[in-house]
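Number of protein chains: 2
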Amino acid sequence: MAEDAPLDEELIAESPANEEARPDDRIDDERHDEDNILKPEFVRRVTDALDEGDKQAVYELVEPLHEADIADLIELLERDERRQLVTAITDLMSSDVIAHLNDFVREDMLEALPASAVAEIAGELETDDAVQLIEDMDEADQRAVLAELEPEDRAAIESALSYPEETAGRLMNREFVAVPEHLTVGDLIDFLRTGEDLPSEFYEIFVVDEKHHPVGTCQLSWILTTPRQVALADVMKRDQTLIAANLDQEEVGNMFQKYGLISAAVVDASGRLVGQLTVDDVVHIIAEEAGEDVLRLSGAGEGDINEPIQRTIRGRMGWLFINLWTAIAAAAVIAAFEGTIQRIAALAAIMTIVSGMGGNAGTQTMAVVVRALATNQLTSSNTWRMITRELTIALANGFGLGLFMAIGCMAVYHDPKLAAVLWGAMVVESVTAGLAGVLIPVTMDRFGIDPAHTSTVFVTTMTDVIGFFSFLGLATLFLM
Amino acid sequence: MAEDAPLDEELIAESPANEEARPDDRIDDERHDEDNILKPEFVRRVTDALDEGDKQAVYELVEPLHEADIADLIELLERDERRQLVTAITDLMSSDVIAHLNDFVREDMLEALPASAVAEIAGELETDDAVQLIEDMDEADQRAVLAELEPEDRAAIESALSYPEETAGRLMNREFVAVPEHLTVGDLIDFLRTGEDLPSEFYEIFVVDEKHHPVGTCQLSWILTTPRQVALADVMKRDQTLIAANLDQEEVGNMFQKYGLISAAVVDASGRLVGQLTVDDVVHIIAEEAGEDVLRLSGAGEGDINEPIQRTIRGRMGWLFINLWTAIAAAAVIAAFEGTIQRIAALAAIMTIVSGMGGNAGTQTMAVVVRALATNQLTSSNTWRMITRELTIALANGFGLGLFMAIGCMAVYHDPKLAAVLWGAMVVESVTAGLAGVLIPVTMDRFGIDPAHTSTVFVTTMTDVIGFFSFLGLATLFLM
Chain Y
448 MAEDAPLDEE
458 LIAESPANEE
468 ARPDDRIDDE
478 RHDEDNILKP
488 EFVRRVTDAL
498 DEGDKQAVYE
508 LVEPLHEADI
518 ADLIELLERD
528 ERRQLVTAIT
538 DLMSSDVIAH
548 LNDFVREDML
558 EALPASAVAE
568 IAGELETDDA
578 VQLIEDMDEA
588 DQRAVLAELE
598 PEDRAAIESA
608 LSYPEETAGR
618 LMNREFVAVP
628 EHLTVGDLID
638 FLRTGEDLPS
648 EFYEIFVVDE
658 KHHPVGTCQL
668 SWILTTPRQV
678 ALADVMKRDQ
688 TLIAANLDQE
698 EVGNMFQKYG
708 LISAAVVDAS
718 GRLVGQLTVD
728 DVVHIIAEEA
738 GEDVLRLSGA
748 GEGDINEPIQ
758 RTIRGRMGWL
768 FINLWTAIAA
778 AAVIAAFEGT
788 IQRIAALAAI
798 MTIVSGMGGN
808 AGTQTMAVVV
818 RALATNQLTS
828 SNTWRMITRE
838 LTIALANGFG
848 LGLFMAIGCM
858 AVYHDPKLAA
868 VLWGAMVVES
878 VTAGLAGVLI
888 PVTMDRFGID
898 PAHTSTVFVT
908 TMTDVIGFFS
918 FLGLATLFLM
Chain S
448 MAEDAPLDEE
458 LIAESPANEE
468 ARPDDRIDDE
478 RHDEDNILKP
488 EFVRRVTDAL
498 DEGDKQAVYE
508 LVEPLHEADI
518 ADLIELLERD
528 ERRQLVTAIT
538 DLMSSDVIAH
548 LNDFVREDML
558 EALPASAVAE
568 IAGELETDDA
578 VQLIEDMDEA
588 DQRAVLAELE
598 PEDRAAIESA
608 LSYPEETAGR
618 LMNREFVAVP
628 EHLTVGDLID
638 FLRTGEDLPS
648 EFYEIFVVDE
658 KHHPVGTCQL
668 SWILTTPRQV
678 ALADVMKRDQ
688 TLIAANLDQE
698 EVGNMFQKYG
708 LISAAVVDAS
718 GRLVGQLTVD
728 DVVHIIAEEA
738 GEDVLRLSGA
748 GEGDINEPIQ
758 RTIRGRMGWL
768 FINLWTAIAA
778 AAVIAAFEGT
788 IQRIAALAAI
798 MTIVSGMGGN
808 AGTQTMAVVV
818 RALATNQLTS
828 SNTWRMITRE
838 LTIALANGFG
848 LGLFMAIGCM
858 AVYHDPKLAA
868 VLWGAMVVES
878 VTAGLAGVLI
888 PVTMDRFGID
898 PAHTSTVFVT
908 TMTDVIGFFS
918 FLGLATLFLM
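Residue numbers (this note's numbering), protein chains in the order written: chain Y, 448 to 927; chain S, 448 to 927.
With the rest of the complex left out, here is chain Y:
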């Protein structure tokens, strides 16, 4: 067998096998349940040991866990228990554990540390994780930490911070493998075996021209399955997805999903290769962005259960306060019909059915539209189709459910005119809900405003006001 390069003992010692060797323990073991959640009994064993001050026992319990599980464990504990735990397992608190921690929990823990200690952690992290660690600090703390960093790390982090928040430039990793086009597969393998400044893991080799512009890309599997003497130019794929450094992270996620990317080259405005994004960094963005919509539509802000409670209260109360005005507007409509209600008190009960149905129908449509906008399924090319589609659905629902309610109303109140008014109001309300549910988020999106964040208030106002107005208005016209 041919030998390509001398045996390098150091390289072996540093190989991930020896760093992380641990028995496999991730399937339904004594620590995890079948959904891979830490079992409450295990968490209790840790907290009991903490209560008894038995650091040795704590350490032995935590030691076999994966970094991500240690982070989970810290999050599951009460605030004061967290600090006790961290003190007991200091040398297990690797930068990987810190990178896995929830933002709020990490922030809370870092606040207790001096800048030099934070800088030490940041220096150990990959650029993207270090940026995440530092970007949320206030400016003074940020500057203190940056000052403590090695010049190289500081330059990398400062360059990342120069891109706007939530863009590819913030997320990307500055460590990647880029080689010139003239190499053969063999040259490349030799370079990789001797190269020192390589990232610890990579999935793709970028081929660049002399101006550092990407000209092609090689999956590692193509290199491993190709003979040494083949030119890289013949193996690489010239057609590659390039990501602009200032692209919004939601669109980065959409591109990774759409093209099934594992990693991708990030280029600056002049087309130079400046970094790479790997899917493991993008996957939590994809999940976050998709999960965010439900939180934003319901006004729950970031909806993070680890957020400091004062901040959560402020955020939620702010949203409820805005919505109170919606409710007040709707109440004003009702108050305008006080005379009608005084004469037919039954209307007060029935009107809430109309507005309730409208609110639910509007929310349905809005949820569909917001998701379709976020996933780029709804574009200006098919907006009109979407509107007619939702209008059809609204008419079907309005007539169908309205008929049902009209029959029910007849059965209870024996008043055909009241039943007809209810039916009419429900059709009007259903159409209002359907149209508001499409048009409001689409309009917001067209103006560059996040539809998930803003649509609910307007849709609710529309359905409440029109619901009460159409029902009480028709009742005043035909029943008084």
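Calculated directly from the structure, the hints in this document are not laboratory data.
Treat the hints loosely; a few may be bogus.
[Unchecked claim] Derived coverage of chain Y by chain S (criterion: at least 3 residues anywhere in the stretch with Cβ under 8 Å from a Cβ of chain S; other residues may be distant):
1) 763-774
2) 799-813
3) 819-832
Ideal placement from N, C-alpha and C gives every residue a C-beta, glycine not left out.
Please build the complex by placing chain S on the supplied structure of chain Y, with the hints as guidance.
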């Protein structure tokens, strides 16, 4: 330079570079806008050419597009235009385009094809994509297509179909690279260069024992950076995340996210390696599962804009119908206080503010809890903390917003007793909303019922009924 293997012309001819070589065209070009969405002008050019019956022009427009963009284009067109387009670009309709298509659009198009044509497409797809293609067909069609398949493909698909829907076994790919432990890095590279049954792309080599149980895993980058004579056993990582074939896909997504996986081994009940999952197959699951919650909480079903409209109407109407009963229950509460409302008609307006605020507050809490359950952040270890947290938030919001409304009520109605009743009702309502928002989804989840699917109805019922009851009840007690 050492030569490891003879130059293999065939291998080069088959390399991805030559198959897919195309100029890079994915950043802000004439076809895509800055969010990587197909521009409406481009879509119009295609539909205009279709209208004119100019197949050549259609073909030239579509040819430079990536498979995922061709799929997007098809989805953006009207139903009859879709068929015209597909006829114009038959030889661009690769299996990759079909794999990228929306389920409903694909189903609609496949219905027009005979079983043999579907089988031909399925045979070209990777197992996981073929399964996706076939699993939604009715059983007779499924059997017809399976009968037309090559025995090997059929066996693979049938084995996938033997796992429950939405599990790792359905998603996994049966093509992967597994080698015995005694190899060196050099042996492995030689095997890969000559091996014929290799998947076209892979990111990880699985090392297995003689019973085909996984014992370790090697990232390709580790192999490429390690000298040939090093034993695989010294490079591989023994600690790997194994995925049980019957694990639910949502949990698969959580594991990929949590551990930052690129690919992972799937094992059957006896621990044998039966397949691999790669992150590009999991990433759309992660996005779907996270995005699903907003659709389920709002009762929008799958919320797919390509779903046949009759099915959408049925789904949405069903949800609204169930919610009508909630509204009827609330209306019944109001009707019970008809006498009170008849005397003080203003109550009819004010009561909707109380229930509206409660509905919003309940939705906020519910959204946070449902997401926290889905992402495994909320477990039985921290449920109690979550309950006290939400109770605190609810009390703060109830007292704060209630005070604001009481002051407003005084200003409008000059009735301190009415203001006090409103304040009291808002505190009761806020606490009800907060507790229902946590306890209902948590209870559903504990009983193995999808909390996103079922919580809204119960939370709304609670907030509506308690909102009206507390306000009208207190009003009857203190104002009459």
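*Can you give the numbers of the hints that this structure goes against, from lowest to highest?*
Structure breaks no hint.
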